[in-house]
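Next come the chains, spelled out residue by residue.
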Amino acid sequence: MKIDLYNAIVSAQMSRRKMLKGSASLGAVAAMGGLGGAASAGAHGGVRAEIMKIPGVGMGSPGDPEWQKVGELCMGPVKERVAEGEFKGVELTFMGLNNQNLHNFLFRGFLKPWEAYTGAKINWIDLAQADYNPRLQQSIATKTVDFDIIEMGAPFEGDTAGQGLLNEMPGWVKDQIEYDDLVGYLQPPVGTWDGKAYRINIDGDCHTFCYRKDYFGTGSITGRMNPPNTWQEVNQISKDVVGKTDPLTGLPAHGFLDPLKGWGGFGMYFLTDRAGPYVKHPDDPAFLFDIDTMKPRINNPGWVQAIQDVMDLIKIEGAYPADQINADPGTTGFQQFLAGTGSMLTWWGDIGSNARTSDTSVIGDVVGFSAIPGSDRVYNHGKGAWENTYNEAPNNAYLGWGVYVTNRVEGDAKKRKAAWSAAAHIGGKDISLWTSAYPSGFQPYRNSHFNYDEWEAAGYDRAFVEDYLGSNLDTYNHPNSLNEPRIPGIFQYYSVAEDELAKGYAGQYGSAQETADAIAVAWEKITDQIGRESQIKLYKAALGL
Amino acid sequence: MSIEEGDKLHVVTADDISNNKKRLGKFLVWGSALILSFTLLIQALDTNAVLTIGLETWRPSLYAYVLWAFCLCASQVLTRGEHGKRVLFVLPAALFVISMVVFPLLFGLVIAFSDWNLSSPDGRTFNGWDNVRQMWVDPFYWNALKNMVWYTLVIILEYTVAFGLAILLNSQIRGRKFFRVAFLLPLMLSPVAVSWMIGKSMLEIRFGPISRFLRWLASEPSTDLPSLLYYPGMYIADLAQWFGWASPSFFGSAGIARAMIMAMDAWTFIPFMMIMILAGLQAIPRELYEASEVDGASKWRQFLEITFPLMLPVSITAVLIRIIFKLKLADIIINITSGGPGGATDSVTSFIFREYRDRSNVGYGTLLAIVYLVIIVIAMTVLIKLADRWMKPRY
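If you're matching them up, the sequences are chains X and W in order.
Numbering of the first sequence is given in the working numbering, commencing with residue 1 and proceeding in unit increments.
Numbering of the second sequence is given in the working numbering, commencing with residue 1 and proceeding in unit increments.
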C-alpha cells in the first residue's frame, strides 16, 4: 500500500476501541482457521492473519524488524521447495529502487530470513527513480547488465524481455506464487513474451476517475444528479460550470483538469484516459499502432477526437484554471484538484489517498471515485468508421512493478534456482497481502487482495477500503481495459507526443488533426530508428498474438 | 648568452647518460607502444567477432594505455636525464588531459555520426550525415536556438543592472556589507531551488503570494473605504485589470513565460556579474577621480571617461563568462515549463536533455550537443577577438 493511503486510513478511523475490536476479530478468525474464501484457505489463513498483525493497523510505520518478521513468517512456500543451506556460496545482485526508503529496503528485510535459510548472499543496487531508466538503458545498450534480479515496470519489458535479456520463469515458481491469483489485466499476455512468463508481479497500477461529489446532486452547480458516465458528458460539464462558483472554495468553478504540459512521457497516459473509449474497440486488441505495420493510430479519428475535446476546452475562457497550458499531471493532481480547484480528474491511486491525509487537501469529505468514463461512440479502426455504441476502456497506466530474473543466471542451475526463489519469496501470495495492507509503495494486484473481510478483520474501515479498492478492481478486471504496449522505447513515443501536443495546445498547429499527424510522423521516425520489423514482432508478442 | 649556457643555468646536475640507458628508454617506450597496439588490435578484432576471445570490457586496452603512459614518462628520464625530469612536470598532466578530454571528444564525434537509440536491438550503427540532415529540418532545435538568442541578448540588460548595483555597493552607503552579502544570496542558491521556490511556489497561480497580491490589486476596493482611498483604489484596480492581473498567468503565454524564465535566471546570476564588476571598481585608483574632480568633471563624465573605460576588461570578462553560463541554461526551464508553452521557453540544453534522457536518442542528442559546442566555440572566439579590439586603449 502507498504510504499516504495507509496514513489516510489510520488517521481517519483508528480508535483504541476499534483496534481492539479488529484484533479480537482477527484472533477469532485465526481460531476458526480462516475467514473463508480462496484468500484465506488452508494453512495460509493462519499466516495471513498473523502477518496482518505486524505491527497492527495504526500502530506506527513498520520498519526493518517488522519486514524481517513478515519475511520469516512467509517462508513456508520457500521451505517446501528449497533445502536449508541449498544455495550456500551463491551470490546474487538485485537492482531496484530506493523510493521513500521502501522497495529495495523492504526487500532486504523480507529476504534476510531467506538468506539465512538458504545460505545465499544478495548484493544490492539501489537507484533513485530518476536514475532508474538511464541506468537500465545504458546497461542494456553497453551490454553491461550486472544484476541477476531486477525490480522493473512492465513498460520496460520490451527493452529487456524483447531483447532476450530475461530468464524464463520456471514452472515451480508459478506454483509457488499462485500465478492464477493475479487480477485480470496482469494475467498473460502481460508479463509474458512469446508465451513465456518472465514477471513476478509485486504491484498493481491503474488510473481511476476522481470527482467532487459536491458538484453533483440536488441543487448542485452542474444541475446533474450523478457524475458523468461519458467523456462527452465530462466536456459538457466543463463548459456548463464556466462562470459559476465552486461550492467548496468560493473561487471560480472548473470541470475536468487536463494536464496540458508534458511530464517526461507520463503525461501521455492522461490523453490516453480520454482517448481510450474512443479508440479501444472491444474487437481489436490494439489502440496505438496497427499490429502488422506499426503504423501509428494516433492520427485516426478516435485519437483526434480526444485531442479535439481538449482543444475545445482550451478555446473556452474559464473552462480550465488560468495557466493550464503550464500544468503537468503533478499540478492538476496536487496543486489543483486536492486544493479545491476543478471538479474532475483522472489519476493513479495517490490522489485518493492524499485527499484525506495531505495538509493541503481540502476535498477529503467531498471526493468520490469511479472507473474512467466511457464514450457514446467508438471508432472502429478496422472498418474505418465510428460506431454509435457505448464503450468503456479504463486505463491500466504503467501496469505496476514486477520482479524479473536476468539471463545472467543461465548456465548455472543453482544460481538460477536461487534467483527465482528469492524473487518468488517477495512476490508470494501471503507477503503480497501484507504489502497491500501496509506502507510498501505497492498496490493490491491479486484477486485475493480484494477479500474485504480480511482487511476489516485487520482493523481497517470497511467503507473506505471498499470505496478505494472497488474503483481499482473495476478497472483491473475490465475486459476492454487499455494495457501498456510494452514495446521497446515506449516512453520515447510518449515523450515526443508530449512535445507535439504542447505545440498543438499552444495553437502552433492548425488543428487537432495536424497535431496528431505531427505525432504520427515523429512516431514513424522512432519506429524506423528502433527497427520496424523488430517492433512489429515485439508488439505482437506484447499483445499475446 | 647562447642557448646552451641558458640551459646550464637550470640544470642542477650534469647528465652523463649511457647508451644502455638510452637504449632501455627507447625499448620501454616502443615496447609498451607495441603492447598497446597489439591489445587494441586484439580488442577490435574481438569486438568485431573476427576473434572469439570473449573480452567483456575494454579494460585490457586501458591497462595497456596506462602502461605505455608510464613507460613514456620513465623513458624521458632514461633518455634525457635532467631535461626528461623537467618534462615529467607536464607530461603526465598532458596525457591525463588527452585521456579525459580528447579521447572522449573523439568518441563523442563517432557517436554523433551514428544512429544509436538505446532501445534499438541493433545497437549503434554509423549513419553518416543523417543526423545533421535531421537537425537541419528539426523545428524543435531551431526554435531552441532562436530562444537562446533571446536569452543571450538579455545579458545586456543583466549587465546594466549588475553594473548599477556594483556602483551602488561601491559607494559609501549605510549597511554596505550587509547588502553585499544579501545581493550575493541568489547566486548561492541552486537554480533548481530557485525554480521551485519562485517559479513553482511564489508564482503559483492560486496560492502564490505574488499571484495573490496581483489579484488583490485588481479587485475592486470596498465601498466602505473613505473616498480618499476608494478612488485611487479604483484607479489601481482598473489598471491592474487592464494588465490582466485579475487572473494572473506567468507561464501561460509565450512572451510572458520567456520573460519570467529570463527574470529568474537573471535574478540568480546578476550577483555573479555584480561581484566581478565590484571587484574591478574597487581596484580603480582614487587619484583618478580626485584629479577629475579638480578638473571639474561631473559624476556622469567621471563614469564615461574613467569608470566605464577602466572597467571594460572586467566587464567583458564578466559578460563572456555570463554568456557561457547562459548557453547552458536548462534546469529552471526543465523544472518549470519543460520548454513550453509550445516550445516558447525551450533552450538547446533542455531540448537535448529531452532528446537524450526521455528518448534515449544518444546519436542524435550527441550530434546536437557537438554542433552546439562548435557554435559556442566560434561565437566565443569571435566575441573575444572583438573584445580584444575594444579593449585597446583609445588614447
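Calculated directly from the structure, the hints in this document are not laboratory data.
One or more of the hints may lead you astray.
No more than 35 Å apart at the CA atoms, straight line, and that leaves these computed lysine-lysine pairs for DSBU-like [as the list claims (entries may be wrong)]:
no. : chain 1 : residue 1 : chain 2 : residue 2
1   : X       : K213      : X       : K196
2   : W       : K328      : X       : K143
3   : X       : K525      : X       : K174
4   : X       : K315      : W       : K177
5   : X       : K414      : X       : K295
6   : W       : K328      : W       : K146
7   : X       : K196      : X       : K525
8   : W       : K299      : X       : K525
9   : X       : K239      : W       : K177
10  : W       : K200      : X       : K315
11  : W       : K146      : W       : K177
12  : X       : K295      : W       : K177
13  : X       : K295      : X       : K112
14  : W       : K177      : X       : K213
15  : X       : K174      : X       : K112
16  : W       : K26       : W       : K177
17  : W       : K200      : X       : K244
18  : X       : K525      : W       : K177
19  : X       : K295      : X       : K79
20  : X       : K79       : X       : K112
Anything over 10 Å on all C-beta distances counts as not near chain X; from chain W, calculated [what the hints assert, rightly or not]:
no. : residue
21  : L109
22  : S249
23  : A369
24  : R389
Quick caveat: nothing in here was measured; it's all calculated off a predicted structure.
The beta carbon of each residue, even a glycine, is placed where N, CA and C say it ideally should be.
Checklist line | K177(W) paired with K213(X) [C-alpha distance capped at 35 Å] | finding: 57 Å, violated
Note to self: Can you confirm whether the C-alpha distance between K299(W) and K525(X) stays at or below 35 Å?
What the structure shows: Measuring from Cα to Cα gives roughly 63 Å; hence the hint is violated.
Notebook entry, point to check: Given the proposed pairing of K295(X) with K112(X), does the C-alpha separation stay at or below 35 Å?
Noted result: Roughly 49 Å between the alpha carbons, so the hint for K295(X) and K112(X) is violated.
Note to self: Given the hinted pair K525(X) and K174(X), is their Cα-Cα distance within 35 Å?
What the structure shows: 39 Å, violated
Margin query: Tell me if the straight-line CA distance from K200(W) to K315(X) falls inside 35 Å.
Written below: Satisfied, since the Cα-Cα distance of roughly 25 Å is no more than 35 Å.
Margin query: Just to be careful, I want the Cα atoms of K315(X) and K177(W) compared with a cutoff of 35 Å; is the pair within it?
Written below: Distance of about 53 Å is beyond 35 Å: violated.
Check: Closest CB-CB distance from R389(W) to chain X, is it above 10 Å?
Finding: 41 Å, holds
Margin query: According to the definition I'm using, a residue is off the interface if its beta carbon is farther than 10 Å from all beta carbons of the partner; does L109(W) meet that for chain X?
Written below: 18 Å, holds
Check: Regarding the pair K525(X) and K177(W), is the alpha-carbon distance no greater than 35 Å?
Finding: Given that 35 Å is the threshold and the Cα spacing comes to 58 Å, the pair is violated.
Note to self: Check the hint pairing K328(W) with K143(X) against an upper bound of 35 Å on the C-alpha distance.
What the structure shows: 31 Å, holds
Margin query: Hinted pair, alpha-carbon criterion (35 Å max): K200(W), K244(X). Please report holds or violated.
Written below: Holds, because 27 Å separates the two Cα atoms, which is no more than 35 Å.
Note to self: K146(W) and K177(W) were given as a pair; does the straight-line alpha-carbon distance stay at or below 35 Å?
What the structure shows: Between K146(W) and K177(W) the Cα gap is close to 40 Å, so the pair fails against 35 Å, i.e. violated.
Hints 1, 3, 4, 5, 8, 9, 11, 12, 13, 14, 16, 18, 19, 22 from the list above are not met by this structure, while the remaining hints are.
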